[in-house]
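Novice: Next come the chains, spelled out residue by residue.
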Amino acid sequence: MNAVSDTSGSGHALQGIRVLDFTWIHAGPSATRVLSDQGAEVIKVESNQALAVVGGPSSATARGLGQRHNWNAGKRSISLDMKTPQGVAIAKRLVAVSDVVAENFSGRVMPGWGMDYQSLRQVKPDVIMLSMSGFGRTGPWKDRVSYGQTLQALSGFTELTGFPDSDPSGPASAYSDAVGGMAGAQAVLLALLHRARTGQGQWIDLSQFEALTSLLDTLVLDLSANGESPNTQRSGNRSPSGSGAPHGAYRCIGEDRWVAITVSTGGEWESLVHVMDNPAWAKDERFATAAGRSGHVDELDSLLETWTSQHTAEEVMRLLQEAGVPAGVVQTGADLAENDPHIKERGFFRHVLDAKGVSRTIEGAPYKLSRTPGGANRGAPEFGADQTYVLREVLGMSDEELADCAIAGVFE
Amino acid sequence: MGFSGQSQDSEVTEDSIGQQPLTGIRVLDLSGPMGVYCGKLMADMGADVIKVEPPGGDPMRDLGPFLQDEAHPERSLHWLHFNTNKRSITLDVADPKGVELLSKMVLGADVVLETFPPGYLDALGLGYTVLSRSNPGLIYASLTPFGQTGPYKNFKATDLTGFAMGGYMYVTGWPDTPPTRLWGSQAYNTTSNRAFIAILLALYHRMATGKGQFIDVSMQEAVAATTEHVNTTYNYTGESAVRCGFRHGGQFVATWRCKDGFVSITTNTQQAWDDLRDWMAQDGMAGDLSSERFNDRFILRGEHGEHIEELIQAWALTHTRQEITDWGQARHHPWGPAVRSDEILNNEQLWDRGYFVESEDPSRAKKVVYPGAPYKLSKSPWQFNHPAPQVGQHNREIYCGDLGLPEDELEILTAQGVI
Numbered sequence: 001m002n003a004v005s006d007t008s009g010s011g012h013a014l015q016g017i018r019v020l021d022f023t024w025i026h027a028g029p030s031a032t033r034v035l036s037d038q039g040a041e042v043i044k045v046e047s048n049q050a051l052a053v054v055g056g057p058s059s060a061t062a063r064g065l066g067q068r069h070n071w072n073a074g075k076r077s078i079s080l081d082m083k084t085p086q087g088v089a090i091a092k093r094l095v096a097v098s099d100v101v102a103e104n105f106s107g108r109v110m111p112g113w114g115m116d117y118q119s120l121r122q123v124k125p126d127v128i129m130l131s132m133s134g135f136g137r138t139g140p141w142k143d144r145v146s147y148g149q150t151l152q153a154l155s156g157f158t159e160l161t162g163f164p165d166s167d168p169s170g171p172a173s174a175y176s177d178a179v180g181g182m183a184g185a186q187a188v189l190l191a192l193l194h195r196a197r198t199g200q201g202q203w204i205d206l207s208q209f210e211a212l213t214s215l216l217d218t219l220v221l222d223l224s225a226n227g228e229s230p231n232t233q234r235s236g237n238r239s240p241s242g243s244g245a246p247h248g249a250y251r252c253i254g255e256d257r258w259v260a261i262t263v264s265t266g267g268e269w270e271s272l273v274h275v276m277d278n279p280a281w282a283k284d285e286r287f288a289t290a291a292g293r294s295g296h297v298d299e300l301d302s303l304l305e306t307w308t309s310q311h312t313a314e315e316v317m318r319l320l321q322e323a324g325v326p327a328g329v330v331q332t333g334a335d336l337a338e339n340d341p342h343i344k345e346r347g348f349f350r351h352v353l354d355a356k357g358v359s360r361t362i363e364g365a366p367y368k369l370s371r372t373p374g375g376a377n378r379g380a381p382e383f384g385a386d387q388t389y390v391l392r393e394v395l396g397m398s399d400e401e402l403a404d405c406a407i408a409g410v411f412e
Numbered sequence: 001m002g003f004s005g006q007s008q009d010s011e012v013t014e015d016s017i018g019q020q021p022l023t024g025i026r027v028l029d030l031s032g033p034m035g036v037y038c039g040k041l042m043a044d045m046g047a048d049v050i051k052v053e054p055p056g057g058d059p060m061r062d063l064g065p066f067l068q069d070e071a072h073p074e075r076s077l078h079w080l081h082f083n084t085n086k087r088s089i090t091l092d093v094a095d096p097k098g099v100e101l102l103s104k105m106v107l108g109a110d111v112v113l114e115t116f117p118p119g120y121l122d123a124l125g126l127g128y129t130v131l132s133r134s135n136p137g138l139i140y141a142s143l144t145p146f147g148q149t150g151p152y153k154n155f156k157a158t159d160l161t162g163f164a165m166g167g168y169m170y171v172t173g174w175p176d177t178p179p180t181r182l183w184g185s186q187a188y189n190t191t192s193n194r195a196f197i198a199i200l201l202a203l204y205h206r207m208a209t210g211k212g213q214f215i216d217v218s219m220q221e222a223v224a225a226t227t228e229h230v231n232t233t234y235n236y237t238g239e240s241a242v243r244c245g246f247r248h249g250g251q252f253v254a255t256w257r258c259k260d261g262f263v264s265i266t267t268n269t270q271q272a273w274d275d276l277r278d279w280m281a282q283d284g285m286a287g288d289l290s291s292e293r294f295n296d297r298f299i300l301r302g303e304h305g306e307h308i309e310e311l312i313q314a315w316a317l318t319h320t321r322q323e324i325t326d327w328g329q330a331r332h333h334p335w336g337p338a339v340r341s342d343e344i345l346n347n348e349q350l351w352d353r354g355y356f357v358e359s360e361d362p363s364r365a366k367k368v369v370y371p372g373a374p375y376k377l378s379k380s381p382w383q384f385n386h387p388a389p390q391v392g393q394h395n396r397e398i399y400c401g402d403l404g405l406p407e408d409e410l411e412i413l414t415a416q417g418v419i
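Protein chains in written order, with our numbering: chain A, 1 to 412; chain B, 1 to 419.
Hints should not be assumed to be uniformly reliable.
Stated by the list, open to error - Below, computed lysine-lysine pairings styled on DSS-like, alpha-carbon distance capped at 25 Å:
#, chain 1, residue 1, chain 2, residue 2
1, B, 104, A, 344
2, A, 344, A, 283
3, A, 124, A, 92
4, B, 211, B, 104
5, A, 83, A, 142
6, A, 344, B, 211
Treat the hints as calculated values from the structure; they're not laboratory data.
Nothing here was measured: the structure is a model prediction, and the numbers come from that model.
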C-alpha cells in the first residue's frame, strides 16, 4: 500500500488527558478503553462490593476474565468505598485533577454520593462528565434499569432480527453495549474538542436506548411516512433495501459451515453463474433479471445451496472473490483467532501482559491512525493495583492521611 | 425547518449553549453506503459536510423504501435518513477536470471521507500522500471492507458479507436457523461509528500539533471489535461461541415468549433470580424451582438448564409484557418488552426527552419523523439543521461561490457531464 509513506507514527492523540472512570460491565469500560488506548490516563474507581460482575476484577468465568482484559487493558485501578464520606472526599479531589469523569450507573447513584454534574463543576469548572444510563437522566423512565438485552427488546432490534417464519432471535450478545461504548467515546471526544475551542466543560446525558434507536436505519422515517408494511418487519438475511438477490448465508461442507453471498448487479450474477460452471437451473428465465431473482428468491436460495454445499466455505469465498462477487466465510471465533490469514497479518489481536506477566489476548482498535496509532501495552489492572500511584503521586496524600482512611475502611 | 430549539449565540457564557462541536470543520464526503452514516454523524454535530455525488446523483438515491412509496431520487428514505445536514455537489472524480476541482476543494477541507477500493483514488492523483502535501492538516479517512493492507485487501464486501467475516453473523440466530444478520445495515453503521471515533481522535491531535493523518478503517475489524463475546470466548476458553437466539450465552440474560409477545427477563443479581422464583411460586408455577438446589442463578447454564427453561417459559406465557416489565422494574430489575415496529414511534420516554425530530417532507406538507441525537451534549448539542440535499443542490454555491469558478464554465462542465 502506497497511500501513506508516513506510517511510522508512535504517538497518542490524548496524551495528558486524565479520566476518572466509575464505569463497569461492558458499555462504559469499552468507551473509556478507546481513550486509554490513545494515551489518556484512565483511573478506574472500583469497589470490593462488585468484584465479580462481568468484567470485574475477579470475574467468575474465563470469559469474564477475557472481558476484564478486553475492555480495561491499559487502565489503572483504585479501590474506594464511595459509601464513606472520606471516599467521596478523595473522589472529589481526583475530579479536581481530571479532565473527564465517566459513569454508567442508573440515575440515583452519582447524586446519592453528591457526585452529580453540578457538584463536580464546583470542584472542576471545565470538567466533562459522561453519564451513560439506560434511558437518559430525564423523562418518565429515568430511573428504570436496563441490560443490553432490555434495550434491544425496547428499541425493536429483538423483534426485527431473525427470520419471518421463526421466533425472532434478536442480536446475539449485547450489541447495545457495544453501541453505547462507541457513542460514549464519540461524545467525550466531541466535548474535548469543544473544551479545546471554548474552555467550556459540559455534561453528557447519554441514553443507551437512544444511541441504539439511532441505528434503526430508515425504519423511523418509513413508519412515519408510510406506516406498517413488509419493509418494517424482520426479513431474515434478505437485503434490507431490496437491492438484490441472492443475499444470504449458504451451507457449505463441514459442520455448521456457511458462506455469505450477495449479488446486487447483473454482472455479479453472470460471474456467479460462470463460477458455478453454468448449471442448467441458472439459465432459467425466471432468474434472468434482478426482479425475477428477487421474485423467486426462496427457490434461488435452495438451488444456490446445492452448489455451495459441495464446497468448503473458504473455497466458495476464493472462487467468487476471484470473479468479483462479494462472498465471505461466516467466520467463527476460532476462524478469527486461528484461521484468517488476513486479520493475522493486520495484527488485529494484540497480546499484552497482565500483572502476573501472563500474556493476554485483546482486540486492537479497529482503525489505524498513521500518526497516533496508540494501543494498550498492558492488560487490565488488578483490583486496587494503583493505590500508591494515585493517592500519593497524583493527590500527594500523606502517610497519616492514608492511615486514617485505611482505619476508616475507605479503601475496602 | 423542523427541530432546532437551541440558540446559536456567539457569546459564550458559563451556562450558554455554544456552537456545535464540529462547526467550521469542512468534510468532503466521497463515501458510499459504508461511510455515509459517518458523514451524517459529522454533519449532525455541525460540520459542513459536502456530499460529492456522481453526475446524475448518488446510486443510494435508488434505494427504497421511498416517501409515500413513490420511487424518485429525492424521495429515497435511505438518502433522506443518511444525509441530513449535508450539502450536495455533483462531480465525476475520475475525469481529469474533476480531479483538478476536487484537489482545489481539498485545500479548504479538514476531512476527506471515502470508501473506494484501496488504491483507486491514489491512481487518480487524489490519494493522501498527494493531497496532504498541499494540506498537511488534512485528515483522510479510508473505509474499506478489509483495510488497506493484507491478503484480502482487494476482496469485495457488502454489509452482509462484512458482518459474516467479522464474526458476528455466525452467533446471531437460533441453532436451527442459518447465521443471521441484524436488522438494518449494522456492519456499515459500525464501520461508520468506528471511523467517526478515529476522525475525532485525529481532529484532537491536529489541534495540538497542526498535523493531519491517514486513517485506515476495516469493516471486518470494526465488526470483530463489536461482538462482545465472540473473541473473548474463543481466546479465553478455546471454544467458539455458538448461536443461541435471544438466550444470551447463559440463559440468565434471556428473552421469553409471553402472553402477548416477547419479554426480556434478566436475572443479573441474586435478588432478581429469587424474586422471579417467588413470583412463579405465588402463581403456583415454580415447580421444584424454589428448592434450595436451584438457589444459584447460574444454574440455568448447567445440566438443569432445560428443565428450568421449561418452567420459566410455561410461567411467562401466563403474563403480558407489561405485567412482567412493571413488576420487575418496580424491584429495579432490568426487564422490558420486545416492542414491535408499530410501537416504536409511540415510546413515551423518547418523546418526553425530545429524541424524535419532525420535519416537513420537502415536497409535500406531511411530517416525517427522524431519529434524533444519539447522545445529549449540554453545551454543544446535536442538531437537525436541514434535511438531506437534492442532487447537486449546492453546485453553484460551492463551485462559483467558494472556488471562484465562472458561471459559464460551470455550465460547460455540467453539459460535459463533469459536474
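Novice: Between residue 83 of chain A and residue 142 of chain A, is the straight-line Cα distance small enough, at 25 Å or below?
Specialist: Given pair residue 83 of chain A, residue 142 of chain A holds - Cα atoms ~23 Å apart, limit 25 Å.
Novice: Could you grab the alpha-carbon distance between residue 344 of chain A and residue 211 of chain B and see if it respects the 25 Å cut-off?
Specialist: violated, 30 Å
Novice: Would you check the hint for residue 211 of chain B and residue 104 of chain B, treating anything up to 25 Å between C-alpha atoms as holding?
Specialist: Answer holds: residue 211 of chain B to residue 104 of chain B is near 19 Å, not above 25 Å.
Novice: Has the given pair, residue 124 of chain A with residue 92 of chain A, been kept, meaning a C-alpha gap of at most 25 Å?
Specialist: holds, 9 Å
Novice: Are the Cα positions of residue 344 of chain A and residue 283 of chain A separated by 25 Å at most?
Specialist: Violated, because 40 Å separates the two Cα atoms, which is more than 25 Å.
Novice: Hey, residue 104 of chain B versus residue 344 of chain A, does the alpha-carbon distance stay inside 25 Å?
Specialist: The given pair, whose Cα atoms are some 39 Å apart, is violated under the 25 Å limit.
In summary, the numbered hints that this structure violates are 1, 2, 6.
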